[in-house]
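Since chain A is already given, all that's left is putting chain B on it; use the hints.
Top to bottom, those sequences are chains A and B. Here our numbering is used: the first residue of the first sequence is 1, the next is one more, and so on. Here our numbering is used: the first residue of the second sequence is 1, the next is one more, and so on.
No wet-lab data here; the hints were simulated from the structure. This one's a predicted model, so the numbers in the text were calculated from it and none came from an experiment. For glycine and all other residues, C-beta sits at the position ideal for the given N, C-alpha and C. Among the hints, a few may not be true.
Said to hold, decoys possible - Keeping only pairs whose Cα atoms sit at most 25 angstroms apart, straight-line, the calculated DSS-like set for lysine-lysine is: (1) B:Lys161 with B:Lys104; (2) A:Lys105 with A:Lys33; (3) A:Lys430 with A:Lys443; (4) B:Lys104 with B:Lys27; (5) A:Lys443 with A:Lys105; (6) A:Lys443 with B:Lys104; (7) B:Lys496 with A:Lys164; (8) A:Lys453 with A:Lys443; (9) A:Lys430 with B:Lys27.
What the hints assert, rightly or not - Rough simulated footprint, nothing fancy, chain A against chain B, three-plus residues with beta-carbon under 8 angstroms: (10) 64-74; (11) 132-142; (12) 151-159; (13) 169-180; (14) 397-405.
Okay, here's what each chain looks like letter by letter:
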Amino acid sequence: MDWQHSLLLVAPEELLSLGGLLLLLAAGWGGDKIARAASIAACIALAAAMALVAPALAEGASGPATSAFFGQFRADAFASFTKLLIYGSAIAALAVAPQFFDRYKVMRAEYPVLILFAALGTGIMVSASDFMTLYIGLEMNSLASYVLAAFLRRDERSAEAGLKYFVLGALASGILLFGVSLTYGFTGSTGFAGVNIALAAGGPMATGAVFGVVFVLAGIAFKIAAVPFHMWTPDVYEGSPTPVTLFFATAPKVGAMAMLMRVALEAFGAQPGVWQQIVIFAALASIVIGALGAIGQTNIKRLLAYSSINNVGFILIGLAVATQQGASAMLTYLAIYVAMTIASFVAVLMLTDANGEPVEQLVDIAGLSRTRPWLAAALAAVMFSLAGIPPLFGFWGKFVVFQAAVAAGFIPLAAIGIAASVIGAFYYLKVVKVMYFDEPADKVTGASDLPHKLLLLVTSLFISPLGYLATIWLGALSDSAAAALFHAA
Amino acid sequence: MNGFPILSLMLLVPLVGAVGSLVAGGKAARQIALLATLVDLALGIVLWLNYDIGGEQWQFTERARLFAGFDWALGIDGIALMLTLLTVFLMPICIGASWEAIEKRAGEYYAAFLFMETLMIGVFAAQDLYLFYIMFEAGLIPMYLIIGVWGGADRIYASYKFFLYTLLGSVLMLIAMLWMAHAAGTTDIPTLMQYNFSPAAQTWLFLAFFASFAVKMPMWPVHTWLPDAHVQAPTAGSVILAGVLLKMGGYGFIRFSLPMFPEASAQFAWLIFTLSMVAVVYTSLVALVQHDMKKLIAYSSVAHMAIVTIGLFAFNVQGLEGAMIVMLSHGLVSGALFLSVGIIYDRLHTREIDRYGGLAINMPRYALFFMLFTMASVGLPGTSGFVGEFLSLGGIYQVSSWVALICTTGIILGAAYMLYLYRRVVFGDQKHADAAAMTDLTFRELAMVIPLGLAVLWMGVYPESFLAPMRADIAALDARVARARPPGDARWTAGKPVAAEAPHAEHNEGAH
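This is chain A alone, in the form it adopts within the complex (with noise of 0.2 angstroms):
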């Protein structure tokens, strides 16, 4: 173990920190001025970072070599799998964010600095292997969440979601807290790789220790909105600038998940029993509390945040069958499901009236597609996508995550999942039905910028069934990241 070696491994949140650091000196003495410019910088840093992290992904990197700072971080293919998707929803997050504000004359240059230090602290938390590291990551990117949250400072509702978020959050916070003091006190350890031999060796555990692991996984429950712990989730997608909720909905929902996979499967992976019935139930309950959920929702908004609540049910299945293909499948439905994600808070943000007001009730885009068919396209697109209809790319990851599940034998969790997701589909199809079905509404008429369009053409081109043609590439790279995951342990 050498001070070289880690410093290396941790260059690119060494790239971010600097980086952030250097804008929010910039941002002091040059104020708002220089937000637009802040903007492409903090977009050019975590452009770097991801050609840093890329390499490791590319070799498979895993094992001891990719251990820095005596077994607390560790940046192997795994962590760098999900820090590509971290710092890409960064930078979506930052380049639909200047004509959102602009509107309300609040672009400032805090923006970019905080979108930075919450995708630097998300990295921490997928590359943690140790709990204390989990924790410093964690609260970094929920600090700079809280203030992102309540950006719109002057809107009530903006204001309302940054402070709902910032006391469930703290909850959350104390009870992983909790467990994790509990987990340590039975196991004499804060690393992963130490509670994993000690829970290896012990036969069956104490219940104390038991209760730890429920106390983290319930803690991580709510940073990652499964059921039973989403109930702020609604609230606060509504209530955030929407390219907050886009940052929210991609980066920390990946980096919350990514940590949970972690400590499931490298810190409680010698005793899957414990966990796996509390995610199966989590699993369920999502996928059909957020189906459910989302049937009486008037704002799409609204409507997107059960649909991830759905989704996270959909992941979880991955977990629960704790197998290095199960996953592999959660990688590449996290990929899916930030390109779906992204696609569609991107298409939210490009409906707007005349005005440049945003528009989101769901009446309001009756008939879109007379008057803005490709924009109806791409989000009928995302709403077969999110409803996992073929040949959309969507399906995929569903495909991939049922197979897991099929395969390691939890064919009555498959069965019952996947026919949970009919309940799904009604309300994906009720938009596509107000969309194309409706008379039109002629609400939707203000023009988006560029980086909104490339974002959509994007995104949409790889949830279209052209994605199924980097399955082969996509499925390689979930693969040897999940591979890293297991070695690990």
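Then chain B, alone, in the frame of chain A:
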């Protein structure tokens, strides 16, 4: 034709046409659509002419490793060839039927139809389990849009019902497919058709596939989406729904359920027979009391599809051949009947039977063709309907006299409701002035009904053209399911051997 990817080309042509229609829009869209479907028809004829009867089981095969976990694998046997031909034959007629009826959002409309064509050919040509599933499921999207955007008054309810019903039916099939691929270690359909799953597993797999195909078929009691979808869909939508989409259920049974799960198929034959018998009698009676022409034909479709299922589960060559011919015949005839309804609907904008009457006077040509298709639906000898129903019922008679007896009443009831419909619409007095003022078939309409009429007669007079390509495949299937064949209920006893030294005595006896 060796090596030339003609099936991929057949999938590509409508897809390119769909994009072209979407971009062009308006009047240009229908021309692009017609061109694309005619090119596909020409390719289909090339396919038929080059199909080597008695050659290899799977022809025109293609395989490319494009995706993780499954292949772009295409190939057809005689059964798939016939259903593909049915698809490419009906598509230009569908475009013709929409030529003037569709005014709003024409580009999207024709794009949806062409996309549909790609998926339907894909279903019949797919040789990979997952490729099949993707094609099979993807058809929901264009059909949902076709019913929902261009349908009748109650279109939204019908489109939801269609989508969710068929989706729920299909998702369990996906889990079964995942299990099969995991157990057999391959997703190749021809290999899976030879793979022996344990009978216990077959039971579950059969039920999962049955859930999907029974809804698609549709079998009683999960048929209720069909009348709604049919009535609300535009004419061409009904034609394609009845003509091809319903055949996917039958194709699924013949391609998956029977060869892959023969024991389970025999185990559940009683279920199929019961549902089919109920369907034949019940839906025929329901058809008898309809006031809406499209609804009447929709219910008759359910009855005809029940004849298909009993033929399939008769486990013998006659039954299987009969089921295939009923499927092809029903594709042509119900398509033609929906077209006939569409022709007068375009003039009067109502499907109420009572609003018509005496059309033979002002529309003699129409009356002639409608008569032909009515007779074909009834199963009059000389039309395609007779051949299929006769073979199918002959096949089931070997297994169960009771099932044959009850299902044959479907022919009598079919004659009742079809002739009753025909009498009320075409014969009688001209009760309504507007109906009496309707003009006879135009050139465009003749160009649609004449090929259909010729095909119906061809299949009725010389079915060998259609049976020959399928014969070897059906024989192979028959051999495959032979081990599970249920015994017939007719207790045949050998005749008393006649004394060999007195042959003329027997001759004399026969002369009495």
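message = Can you tell me if the region 169-180 of chain B counts as covered by chain A, using C-beta to C-beta distances under 8 angstroms and a minimum of three residues?
response = Our answer is that it holds, as 6 residues pass the Cβ test (under 8 angstroms) against chain A, meeting three.
request  = Assess, step by step, whether the Cα of Lys104 (chain B) is no farther than 25 angstroms from the Cα of Lys27 (chain B), and give holds or violated.
outcome  = holds, 11 angstroms
inquiry  = So is the region 132-142 of chain B in contact with chain A by the C-beta rule, three or more residues under 8 angstroms, or is the coverage claim wrong?
reply    = This one holds; 7 residues, not fewer than the three required, reach chain A with a Cβ under 8 angstroms.
inquiry  = For a C-alpha distance cap of 25 angstroms, please report whether Lys453 (chain A) and Lys443 (chain A) respect it.
reply    = With Cα atoms ~19 angstroms apart, Lys453 (chain A) and Lys443 (chain A) stay inside 25 angstroms; holds.
ask   = Given the proposed pairing of Lys443 (chain A) with Lys105 (chain A), does the C-alpha separation stay at or below 25 angstroms?
value = Judged against 25 angstroms, a Cα distance of about 23 angstroms means the pair holds.
query = Given the hinted pair Lys496 (chain B) and Lys164 (chain A), is their alpha-carbon gap at most 25 angstroms?
reply = Violated. Lys496 (chain B) to Lys164 (chain A) sits at ~93 angstroms, over the 25 angstroms cutoff.
query = Are the Cα positions of Lys161 (chain B) and Lys104 (chain B) separated by 25 angstroms at most?
reply = Holds: Lys161 (chain B) and Lys104 (chain B) sit about 24 angstroms apart, inside 25 angstroms.
query = Within the assertion that chain A covers the region 64-74 of chain B, do at least three residues meet a Cβ-to-Cβ distance smaller than 8 angstroms?
reply = Since 5 is at least three, the answer is holds.
query = Are at least 3 residues of the region 397-405 of chain B within less than 8 angstroms of chain A when you compare beta carbons?
reply = violated (count 0)
query = Does the alpha-carbon distance linking Lys430 (chain A) and Lys443 (chain A) stay inside the 25 angstroms limit?
reply = holds, 18 angstroms
ask   = Does Lys27 (chain B) lie within 25 angstroms of Lys430 (chain A) when you go C-alpha to C-alpha?
value = violated, 30 angstroms
query = Quick one, are Lys105 (chain A) and Lys33 (chain A) close enough, alpha carbons at most 25 angstroms?
reply = holds, 11 angstroms
Against the hints set out earlier in the document, violations occur for numbers 7, 9, 14.
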